[in-house]
Amino acid sequence: MNETAGRAPQDPLPCCAVSGLVKTYRTGRGAAATEIRANDGVALTVRQGEIFGLLGPNGAGKSTLVRQLTGLLRPDAGSIELLGHDIVRHPERAARLLGYLGQESTALDELTVALAAETTGRLRGLGRAQARAEAADVLTELGLEPIAHRPLAKLSGGQRRLACLAATLVGERPLLVLDEPTTGMDPVARRAVWSAVDRRRAERGTTVLLVTHNVIEAETVLDRVAVIDEGRVIACDTPGGLKALVDGDVRLDLVWRDEAPVGVPAVAELAERAERTGRRWTVRTTPEQARELVAAVTTGPAFAALDDFTLATPSLEDAYLKLGGRHGGLAK
Amino acid sequence: MTLLSVPPQAAAPGATCGPAPLAPAARLLPALAAVYRAQLARARVARIPLLFVATFQSVGILVMMRGVVDSGQTSAARSVVAGSSVLVVAFVALNLLAQYFGKLRATGGLDHYATLPVPAASVVLGAAGAYASFTLPGTVVTAAVGAVMFGLPLGQLWVLLAVVPLAGAALSGLGAACGLLAPRQEIATMLGQLGMSAALLLGVLPVDHLPQPVLWLRDLLPSTYGVEAFARTFTPDPDWALVAGDLAVCAGVGVVSLAIATWAYRRAVSR
Chain G
1 MNETAGRAPQ DPLPCCAVSG LVKTYRTGRG AAATEIRAND GVALTVRQGE
51 IFGLLGPNGA GKSTLVRQLT GLLRPDAGSI ELLGHDIVRH PERAARLLGY
101 LGQESTALDE LTVALAAETT GRLRGLGRAQ ARAEAADVLT ELGLEPIAHR
151 PLAKLSGGQR RLACLAATLV GERPLLVLDE PTTGMDPVAR RAVWSAVDRR
201 RAERGTTVLL VTHNVIEAET VLDRVAVIDE GRVIACDTPG GLKALVDGDV
251 RLDLVWRDEA PVGVPAVAEL AERAERTGRR WTVRTTPEQA RELVAAVTTG
301 PAFAALDDFT LATPSLEDAY LKLGGRHGGL AK
Chain W
333 MTLLSVPPQA AAPGATCGPA PLAPAARLLP ALAAVYRAQL ARARVARIPL
383 LFVATFQSVG ILVMMRGVVD SGQTSAARSV VAGSSVLVVA FVALNLLAQY
433 FGKLRATGGL DHYATLPVPA ASVVLGAAGA YASFTLPGTV VTAAVGAVMF
483 GLPLGQLWVL LAVVPLAGAA LSGLGAACGL LAPRQEIATM LGQLGMSAAL
533 LLGVLPVDHL PQPVLWLRDL LPSTYGVEAF ARTFTPDPDW ALVAGDLAVC
583 AGVGVVSLAI ATWAYRRAVS R
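Each protein sequence line maps, in turn, to chains G and W. So in the numbering used here, spot 170 of the first sequence is number 170, and the numbers just go up one at a time. So the number in the numbering used here is just where the residue sits in the second sequence, counting from 1, plus 332.
If we strip away everything but chain W, and leave its shape as in the complex, we get:
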């Protein structure tokens, strides 16, 4: 049984004598858009249950903290609500993205991208962007529930439109870098979980009672600046310059961590 036609004896159709022309490479932005769209579709299939988990976890923490923190305009109430909201971002963008890239690397899934003419930044930014934007509904729900529960104003929730992408950039960059740099998949998972636990403890607990070394650690965590920025907007007369300053730190960390993640991706695919 010979299924295929006779092999070409002379030159095959389209055979070339000089070096063959290279097919065009994918450009940064169209490729980024394609990865983003695919990741978002993928998230719809596989991540909706996890988004519920992330939101329930944050709402649960709000309920728990309501037992020890009084309702009303106190700094403790503000940081509990802001911390719980940003925790949704940390859960998805840092923890799940670290796990995703860790798995992709461990199972050889990165080969798929590495054998396509696609810029490294498109893959990393597309995935990070999709994970970060997927957290927006959960963050808004948590913030609204928290504001009602702790008697804080709801009028400033629009600022989440800046907090989620910027904190999302910083945390997803960190998550992607952890996932791509970890030597084993289990370590990537552990780093993601640790990062999320740090964001939980250092973001939600009111700062007044924390010892100094823990406060230094808190200052090192990028999610802190997202929490601070959001917490400030609950005050009756927010200091918008400080809010912008905190968000600028998130943006700066985002640029650096995404650059590291892009470098880590290149390193992971060129062994």
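If we strip away everything but chain G, and leave its shape as in the complex, we get:
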């Protein structure tokens, strides 16, 4: 996975090149202490101007990886280069190369939205007038003006997240690292986030590294995605490329009104291999078999018990499961 090898001298540097990254935590005390390998030989390359995603369930090691990229955590082994700078040796340089949106807002909670953005800009090295002007521009861009003078702690989760993003965007950086930026946001706020991100990429060539466990988001906004599971990159490709892994298959979702009619032979056979979530059964299969199944459940007693069904082409989640990822960890 060494994409930097053989790079011609005039080629642009990768924005972020990681190889052999290992990070181990100890949990518990004394004899009960166990080691957890949060990152186990992570390697990936993010090109300049790319919107690159890290996709994986909770506990896969995404946040640990991001904390090392941002200089917050020192890796046990491996190398991290950001735009030609060695971040393992000089972690303090990360703050001068990237803007980071973490998952916590406690440092800003009691500030007003406007002051949080302006202060963060000042701490990113801007002068007072410039920080104030940039903060005002970003608040306008994200539609935060009506709540500019309210403290973050008094806002809804999605609004607070958007205010934290505003603080991240004041003071230009060539790389933005956003850890689940749209958590809790309504569709309007989500659109504001993605158009702000896209504008920066189009106008300034900003690179974006995005942590997500939302497959819909990953499919629609990312140029490339690294799928992370149990501390390793299990695949890295465009969303389309990953979906091609499961190209032949389709996904059939069945939702029963009440109990599944297991008296019907086709349903009884399905019961053994379907993934069940409450009254929803999901099965991944060939198109021919799916057609037969649909025919079987849309007639007779099975149809009477059926509340809803969908037949869909594979999603990124199907690709993730095919790659050996754990069930149920990704949001749809």
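Worth flagging that the hints you see were computed from the coordinates, not collected in a lab. Backbone N, C-alpha and C define an ideal beta-carbon position, used for all residues, glycine too. Just to be clear, a hint being listed does not mean it is correct.
A few chain W residues facing chain G, derived, Cβ under 7 angstroms [unchecked claim]:
#	residue
1	P351
2	A352
3	L354
4	A358
5	R374
6	T439
7	A446
8	T447
9	P449
10	V450
Chain G is already provided as a structure; the job is to place chain W on it using the hints.
Just chain W, lined up with the frame of chain G:
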């Protein structure tokens, strides 16, 4: 639905071939001013009720001590008034700041500062300065109420302009260090409360009746020197050299404790 534009096939605009230039880091004083201003604004939103609590607590102690200490020029009256006034500083700068940094550390809030190119000293001094200056109104109110209640002169209250920042530096440095070094948030809270209780008991109780080991403990507490300096100014003919000496101890402890707090901050953000 594809929301975003097509990914750049060739080099992105502004793509570089050599190491990218680093954005300038924030300088010490402008960053300190920004943190100070933000903390003060934050305190206005969240801390005014607590400032009332701090002031009422000190006034309550004055009322209580008035029952056992006579009014007039006695050393007991002077130390009760000075001790109650400096207690406001201990409550906010030591106790609340220890809790604030403890919470910031426990919840990952320090990451926000750690991913900005800001000097550690700016964050610690900005927060400590804001907490210390926020205590000034409460301290003045307590001192004025106490002076009237115990029949002491009001003319020397201006000395609080030196006592509050210097005792504030010493106590907020201690509070910040406790908050940043405590392994858990609850321990940070407990250390802050303990420090404030020590400042209360050792600062307010008249020294004449305290046993020797407690007096040694009293000498170790930085707030004692703030209390002593302020108490001396109530005498008819204050010995200004001793006042300056006590304040110099506060300043010295302030420098050391703020340096430790800055070190503790660096340690907390580079794990």
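Item to check | Minimum beta-carbon distance criterion (7 angstroms), P351/W to chain G | outcome: 3 angstroms, holds
Next on the checklist: Min Cβ distance, L354/W to chain G: is it shorter than 7 angstroms?
Outcome noted: Nearest chain G Cβ about 4 angstroms off; hint holds.
Item to check | Interface hint status, T439/W versus chain G (Cβ within 7 angstroms) | outcome: 4 angstroms, holds
Checklist entry - Regarding the hint that A358/W lies at the interface with chain G, is the smallest CB-CB distance below 7 angstroms? => result 5 angstroms, holds
Checklist entry - At a threshold of 7 angstroms, is the proposed contact between R374/W and chain G supported by beta-carbon distances? => result At 4 angstroms from the nearest chain G Cβ, R374/W passes the 7 angstroms test, so the hint holds.
Checklist entry - Should the hint that A446/W touches chain G count as held when the rule is a Cβ pair under 7 angstroms? => result 6 angstroms, holds
Checklist entry - How about A352/W: closest beta carbon in chain G under 7 angstroms, or not? => result Since chain G brings a Cβ to about 4 angstroms from A352/W, closer than 7 angstroms, the hint holds.
Next on the checklist: Interface hint check: T447/W, Cβ to nearest Cβ on chain G, cutoff 7 angstroms. Holds or violated?
Outcome noted: Since the shortest Cβ distance to chain G is 4 angstroms, the answer is holds.
Checklist entry - How about P449/W: closest beta carbon in chain G under 7 angstroms, or not? => result For P449/W, the interface hint holds, since the closest Cβ of chain G sits about 4 angstroms away, which is under 7 angstroms.
Checklist entry - Does V450/W pass the interface check with chain G, least Cβ-Cβ distance below 7 angstroms? => result 4 angstroms, holds
Of the numbered hints listed earlier, not one is contradicted by the structure.
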